[in-house]
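Since each chain comes alone in its own frame, lean on the hints to assemble the complex.
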Amino acid sequence: MSGIFSKRNSALLLLIIAVAASLSIVSYNYSAHTSEQIEEIAVHDIRSNAEIQVHDLSNSLANKLADVTNNLNIMAKSPSVRQADFESARTMIDNAELASEDIVDFYMWLDKDGRIVWISNINQTTYEQYRGFDLSYRSYFIHPRDTLQAYYSSVTDSNDRILRLYISYPIIILNEGDSFAGVVVAGVRTSVLGEFLEGQISPQLQSQVGLLDNRGIILYSKDTPYTGKNVFGVRYQSFLSSLDPESVNSINSGFKAALHSEAASKDTAIGDTKVTFAYQPVILEGQQFGVLYIFAPHGQATAAAALIDQQKNLTMLMIIGIAASASGIIFVIFLWNKRLQQTVDTTTAELRKANEQLKAHDRMQQEFINIAAHELRTPVQPILGMTEMLESEMPDKSDDIKMIARNARRLQRLTEDILDVAKIESKSLKLKKTTFEFGEVLINLPNDYGRHEIVNGDVRFQYEPKEEVTIEADKDRITQVVSNLLDNALKFTKKKGTITITTEKQQDGQLTVRVADEGPGIDPEIFPRLFTKFVSRSQKGTGLGLFISKSIVEAHGGKIWAENNSDGKGASFYFTLPLSSDQASKIEGKKTGETLS
Amino acid sequence: MSSPNELPSKRTVMICEDEEDILDLYSSFIRGKFNVITALSGEACLSLYREERDTGRKVDILLLDHRLGDMLGDQVECKIKEMDDTKTILITAYEIDDIVLVDLRERECIIAEMEKPVSLPDLEKKIQQLLI
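From first to last, the protein sequence lines stand for chains A and B.
If you read the first sequence in my numbering, its first letter stands for residue 23, the second for the next number, and so on.
If you read the second sequence in my numbering, its first letter stands for residue 153, the second for the next number, and so on.
If you are wondering where the hints come from, they were derived from the structure by calculation, not from laboratory data.
Take these hints with a grain of salt, some might be off.
[Said to hold, decoys possible] If you want the ones that stay clear, here's a sample from chain B, every Cβ over 12 Å from chain A, calculated:
hint	residue
1	GLY208
2	GLN227
3	ARG257
4	LEU283
[As the list claims (entries may be wrong)] Taking lysine-lysine and the DSSO-like style, the derived pairs with C-alpha atoms no more than 27 Å apart in a straight line are:
hint	chain 1	residue 1	chain 2	residue 2
5	A	LYS455	B	LYS278
6	B	LYS277	A	LYS497
7	A	LYS497	B	LYS278
8	A	LYS513	A	LYS608
9	A	LYS608	A	LYS454
10	B	LYS239	A	LYS454
11	A	LYS454	B	LYS185
12	A	LYS455	A	LYS445
13	A	LYS445	A	LYS555
14	A	LYS244	A	LYS288
15	A	LYS419	B	LYS277
16	A	LYS527	A	LYS608
17	B	LYS277	B	LYS185
18	A	LYS555	A	LYS449
19	A	LYS608	A	LYS455
20	A	LYS424	B	LYS185
21	B	LYS278	A	LYS424
22	A	LYS591	A	LYS581
23	A	LYS454	A	LYS581
24	A	LYS488	A	LYS375
25	A	LYS86	A	LYS278
26	B	LYS231	B	LYS210
27	B	LYS239	B	LYS210
28	B	LYS278	B	LYS210
29	B	LYS185	A	LYS419
30	A	LYS424	B	LYS277
31	A	LYS591	A	LYS513
32	B	LYS233	B	LYS185
33	B	LYS278	B	LYS162
34	B	LYS162	B	LYS239
35	A	LYS454	B	LYS278
Only a predicted model underlies this, so the values are computations on that prediction, with no experimental measurement involved.
For every residue, glycine included, the Cβ atom is placed at its ideal position computed from N, Cα and C.
Bound conformation, chain B alone (with noise of 0.2 Å):
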């Protein structure tokens, strides 16, 4: 659980994922060009969120796993979308239905998913893509 380093030009990027080993991947990968907050579990995805809210700093992108050791993602990514509009990419390493899929991006829940193992310039380029 790590708070970003204050860069305001940048945009900020959450990722919220139960494996540390891919966490730390992740975050290693994007942190020279977003502000970076990492979070272990869905609890404290959506404490650091509030955190971020409550003093006025705006989460543009989440990446959420989908089954997190306390939860699962879905619940997390629609709470957090009733907090804000931020847009939210689901990471999974499940065959999760498509009906759940299709209820979650009806929602709003989630903006995009993709499926692990991802590739790195790939998930770079589609937060790239959801920011503009």
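Chain A on its own, in the form it takes in the complex (with noise of 0.2 Å):
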């Protein structure tokens, strides 16, 4: 295992690692920062919300009360009522009613004594049953009979057990020195003044509202055992003592401000639930009538910042996962690696081991060749030399001295074609190429062939190329291949006769040189041996010389075959060699000039 974590692969790892613990790090606190952003702007959309809501909420109670005001400063002010109209009176009191009835509960009319002179919205017996019920008791009566002013009382706990707030406005008698003759007082249910309230607030802020007079006393809470309480009375302090206290002096500062015509908002929390305070104070003919506020829960904030959070979560818990699949599959790759360089050591080793056995074979093989050349080739110089030397100092011997001297080149040329075989069955084979004119082979054959003449008796050799023909090959190699095919056809070609060589461009580049001869043709039985070692049927050739031509004509990249001539008169042998470049890109030009011609 200690071989997979190179030091190298050791630090990839960890370069892994680190990245995927710093990306973890990057994207949790991108995160958190995303969610705590759109936690605020969404708190800051609550906010804004709340402050507009609360504010359109007490324009619309202001109004709505405005309106119940204006109804009793016209009926204080009705001729009328001053005049004690009775039935004119009634009669606009029960409209005003109507009028207002979404939100009054009812009108009513006291004399100056504060007995019950009329109620509107209340059926005849009953009315016979209330008739000069005396309410100077009542706030709404003492209050405006003493100061002359309109009256707005708190939360009041009727006769009927229905808690109210009461509008009064006093009557007075302009023409006889402002004399007081009772008032006129509207009834609002808390619990009306209430459902008008919530039927005002957008239901997708789940806000809560409530209401307060001007002295802190609550004239609406959902939380109904609160209203009529004072919001810095024992009981209210008691049910925010649960909060902390922190929210607590948020809450009651609040109220504090609002009481003092100060419209605001602050982020403060009941329990668990953050929420949004938002207070407005309620204005009524340019006074202070209440306040009004609301909390605005921070649900749909709070579960947007919970989502994120679960992404937060998600994305960390996918990044460590990708960080750990990837170390996984980085860890497989370097065991798979190592495996695969184990191989390629093992493997590399063989080779070389197989490449310097190989390299000692060829040096054992060129040794050999070079051994058996000298052994082979040492002893035919003296007999050759003495040969040529008996050749010139007795000429009256000659036909015995060239049977020694023919048998003596029959030996040389056997000991150069085994070493050619050797050399070529050991790959050792080296051709000298050189660009030449092909007439330069015949020249530097060993017999001379000229161009046209008689080489053996009656048999004639012909060569007339209709062009020069220059080829890029070993042109050693070449004309032993030419002497061994003309030693071929001369051999064959006993009686009178002609061998001709042809040779013939290909528009591929290569140059088709024949050797066709006048004799017997090819034996069937040798014909698919033709090219193969010792198949000769002549008693002085070596078997070598077609096997050895083939493997130089193929050396240069040619091929080599023979066939019977079709008229039935003797064979060819073709064999075709490169052209030279400049002679190949002649043809090459010539075709595209035919084919754009």
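Here it is as structure tokens:
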């Protein structure tokens, strides 16, 4: 295992883990920051909405109550009420009640002694029951009587046990020196007031609305037990004490500020719920009637933040998962790589060893060929040399000496052929390529063939090229091929005949050479083995010439083949060789020209 | 190993060959036309060459076998080249690598090479060409 974690691999693995950890931290911080921002935006939105809503509610309430006070003002100043025209006043009061019945429970007319003169929205039986009922002890009578000013009551527990807000106006007889003649009173159920306020609130905000009078007494709250209680009183403060002190202070300071005609909002908490506490004074006829407030919970903002938190956690988990997967994959890759490396190392070592063995083998083969060459050629030298000397010194014995020379040369040829076969089979045959004119090959031949001459008795040799052909090849080796083919042709053209060499340039940049004879043709029995070793019908040949020729031609990238002539006279041997690049490009150019034309 | 019969008008050819038959063959063939000095080993060749040089006699051509009994022909020819400007013909039955031959030619250790078995008339022709 330690092999897998090389320094480089360990560093890479640590880098991946570090990158994953960094990404996790960055992602976590970014998500946390985003969550806070989104929550802040959402809270800001809730706060703004709460402020707008409490402001709108305050105005709506003020307008609604202004309608009531207007009605009271009109009633208080109407001649029928002032002059105690009962029937007309009653009709007016009933009509006013009908016009504002959505908010007003009833209008009531009290005389100067505080007794009931008329109550709207009441049947005759009940009226008769309450007619003349003394309400002079009620604040809504006492205050306007004593101040001659409009009066707004706090929550009042009425005789019928219904909590109401009362608004009263004094009836003043002007022509008798501002004498007090009674009051007109509007009774508004706090529950109706609450319904009105609740109806104005957008349900999406899920806010709780409340209304205080200008002394801090709760006129409306959804928590009805607190209605009529002072927000600074024991009961409400006892409720607030369940909250954390900071929230209590925040709410109390907000109520105080609102009662001093300030409008604002602040974020606080009720239990575990974060809320925006927004408040707004309600101004009626230029004076503060009370305070409207709402608690707008941050539920949506908290839900959005919670979603972001979930996303943050999921992202973290995914990054950790991806890092773990990547580490696992890298581990597997390292393991695989290590095994591959071991395989490569083993194979490389084996190949190196095999290569060294091959080189040693090649050296041994080359050494063998060298020694064989020396040992085969050396004894031929004195034989051939002495023969040459005897030929010059004993011309009368020339036939005998020629026999020795012929056999010595045959031995020499056999020696060279065997060495060539050894080189071919050990793949150490080397070519020394040059560019030359093909005709030069014929001049270099041992028998020195001319272009058109008798070479052996009645056998004629013919080579009449139509054009000069240059090839790129090993001149000595191609000479050897041509020599082999000509010797072969000469051997089988025993009587009168012609050996013809023709050359033809091919479109593929190759030169085809044909050596045709007029001998008996190729024996069908040896045809399939013609270019293999030791195939010969001649007593003189080594049986290696065609095999060597094939190897030389193929080493040049050419091919060699033979066929019997179509006229039934003799055989033809063909071989191809690459033309020189100049001549090949000329053919290519000609082909292109022909195509273009 | 032999010294030439003094024939001042003739040019001198030294033959170094470890095969005695071949040494005799070459020397017999050219003896009438040249002063001939023969050596059967590389060491003998160098010794005879120094002797000839010290006595003021010039060896014009050296026919040198490649693989001698005691050393390779290229060692001999390059040492002789260091001593004088004798023209050396390397005669070999071995397959000498072309790179080695090109190197010997470039360093002028040899002036020509022939492959055994050589034709004696060809050998004489080559000597005559190089003496011009």
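Quick check: which numbered hints come out false for this structure? 8, 11 and 24
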